[in-house]
Amino acid sequence: LPFLSETGGKDRRSGLILTIPLCLEQTSMDELSVTLDYLLSIPSEKCKARGFTVIVDGRKSQWNVVKTVVLMLQNVVPAEVSLVCVVKPDEFWDKKVTHFCFWKEKDRLGFEVILVSANKLTRYIEPCQLTEDFGGTLTYDHMDWLNKRLVFEKFTKESTSLLDELALINNGSDKGTQQERERSIDLNFLPSVDPETVLQTGHELLSELQQRRFNGSDGGVSWSPMDDELLAQPQVMKLLDSLREQYTRYQEVCRQRSKRTQLEEIQQKVMQVVNWLEGPGSEQLRTQWGIGDSIRASQALQQKHEEIESQHSEWFAVYVELNQQIAALLNAGDEEDLVELKALQQQLSDVCYRQASQLEFRQNLLQAALEFHSVAQDLSQQLDGLLGMLCVDVAPADGASIQQTLKLLEEKLKSVDLGLQGLREKGQSLLDQISNQASWAYGKDVTIENKENVDHIQGVMEDMQLRKQRCEDMVDVRRLKMLQMVQLFKCEEDAAQAVEWLSELLDALLKTHIRLGDDAQETKVLLEKHRKFVDVAQSTYDYGRQLLQATVVLCQSLRCTSRSSGDTLPRLNRVWKQFTVTSEERVHRLETAVAFHSTAEKILQECPEQPEAFNDMDQFDEIEAVGKSLLDRLTVPVVYPDGSEQYFGSPSDMASAAEHIREKMKLVSLKKQQLRQPEATTPES
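Be aware that the sequence shown starts at 1016, since it is given in our numbering, and climbs by one per residue.
Hint data in this document are derived by calculation from the structure and do not stem from the laboratory.
Treat the hints with care, since some could be wrong.
Simulated pairs of lysine-lysine, BS3-like, Cα-Cα distance not exceeding 27 Å [said to hold, decoys possible]:
#, residue 1, residue 2
1, K1505, K1422
2, K1544, K1679
3, K1617, K1679
4, K1253, K1169
5, K1539, K1643
6, K1163, K1025
7, K1025, K1075
8, K1075, K1135
9, K1427, K1496
10, K1169, K1063
11, K1687, K1539
12, K1429, K1496
13, K1274, K1357
14, K1063, K1172
15, K1686, K1643
16, K1172, K1253
17, K1681, K1643
18, K1061, K1163
19, K1466, K1319
20, K1544, K1617
21, K1547, K1526
22, K1172, K1061
23, K1592, K1505
24, K1025, K1082
Okay, the calculated beta carbon distance ranges per label pair [claimed, not checked]:
#, residue 1, residue 2, range
25, Y1662, L1423, 52 to 58 Å
26, R1574, Q1396, 29 to 35 Å
27, A1347, E1046, 57 to 63 Å
28, C1038, S1176, 34 to 40 Å
29, V1492, S1665, 53 to 59 Å
30, E1324, S1389, 17 to 23 Å
31, D1159, S1043, 21 to 27 Å
32, D1209, Q1277, 21 to 27 Å
33, R1494, A1523, 38 to 44 Å
34, N1451, A1347, 37 to 43 Å
35, D1209, N1290, 36 to 42 Å
36, E1329, R1259, 46 to 52 Å
37, E1375, Q1277, 28 to 34 Å
38, R1677, E1606, 18 to 24 Å
Every value quoted in this text rests on a predicted model; they were computed, and no experiment measured them.
Glycine included, every Cβ here is placed at the ideal spot set by N, Cα and C.
Please take these sequences and the hints and turn them into a complete structure.
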């Protein structure tokens, strides 16, 4: 408004002063009318009641323009205008004024019009209420006032519009149903201007108004109390109060909306997790029911399950995040959402834990199946090794190797027993887990699938049991055979030992059994000892024969040819024949010695006073013949059936025995001579 303003000055009636500066350019009456209407709308009704003093500054304008403006005031503000002061140029309108006297038109115009020079304007208005343009001291910056009015108008317009929008939003949030509230908020959710900006503008404007009121203008002249009404400080404060109230409510609405949006997002994500876990996730588990028929198959199923777990882990991560968000909202303590949040949290937790349990169960089942197949494979390999060992014919070198082989066989069988026991335990554990699968079963009937798994497990265990039983039967046969072989080797060894013992007896007979006794009694004792010695040899021979007969039976049972019994029996028979021949020779010598000693002792013990005892001289000849025969036998070797010869003892031993016999024969010969001498002397006497 470059040509119209309210300066803030007041006339002597405390009415406001309205200044209309005119210029040389053409003045638009329409714009002037609109401007006047605007300026007159600013003061309060109380101010308007005190009336206006209008200063029309026509010093730079033409008279007809001034006249038109004055007449226009009649149509615009006749009731509010009490005085119109037309500031004229010096002696410029004198003649023209005579043609139109404003004071005569007071009744028709409704206000008084005064033509006055600028320097005489103080007659009607105090100098302190006039600006410097009219010789006054009132400080007034029209552009500053205009800028403030523009700020005020902008603030008023924006705040009013904002208040309407906020009221619509806030009132919409108070509607009855949740659906109506959401629809109302959705349509008017964002205001056209930023409430923070409008509030800041209002505070800055209010601060400026308050500062100018209490501190005065830059010129140091305080404004009058009318300034509040001119610049509408109360309106600004009222608008700010209303804005703050509505904005606070709006912020609460936004918070509720944000909370509702967050809750809806959480609910949407929860349903996404639940729908996936109960849909595709569960379907993946439904299709994975097998346990595999081998280690490789079980490992492949485990790898597939790990892929399924990897997909589930992504959704479980979302579950953890959602659970944290729900926990944070629950801690916020909004009671109206607690029930819904807890229900969402419970639903999400139930589904996730159920799915996690199914995954864990499936993983444990596959691990148990892998362990079962691993034990079954190990047991199968043990059975194959045992069967291979049983299929190889036994050709041991001796009894010790047979014992070692038998021990190894028993250890393998024991290992198979332990393996089968472990397989049964693993199988039963796996069957128990499969039976528990029906408690949740991925939401489907798994009776058929479980039956296949159960049949497979039971089939593996039964097959292993049958293989183990066959191996046990073969082990029993092999054990019997090996024990028979051990017995065979033992019999052969003992038979060979019997031959050795018999050879030792023969050797002892030849080397140590050489004495014939010094008398009949001693010789009889030696003869008795020899018979016992022969009994021992006979027992040894019989024992060897029995052992060799046993080897024959065992060889027939084992269907094999003994490696040693073939030459053991001839050796035994040969030694026994040698022993028999030697023993018979020994017996003959002892018996001859008994006869010799008995006869010799009888002759030597008879008294010479009983010559009738020696009437038979033939006994001397007999004993002499026995003695010579005995001496001859001592020099003759023992001849075996194979033609070989063997002497008793050493030559010195035989010489000693022969010498003893000769001495005794000499005694007998002396006795004979003694008996013959009496016979020769009897005829002479």
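Which numbered hints does this structure break? No numbers; nothing is violated.
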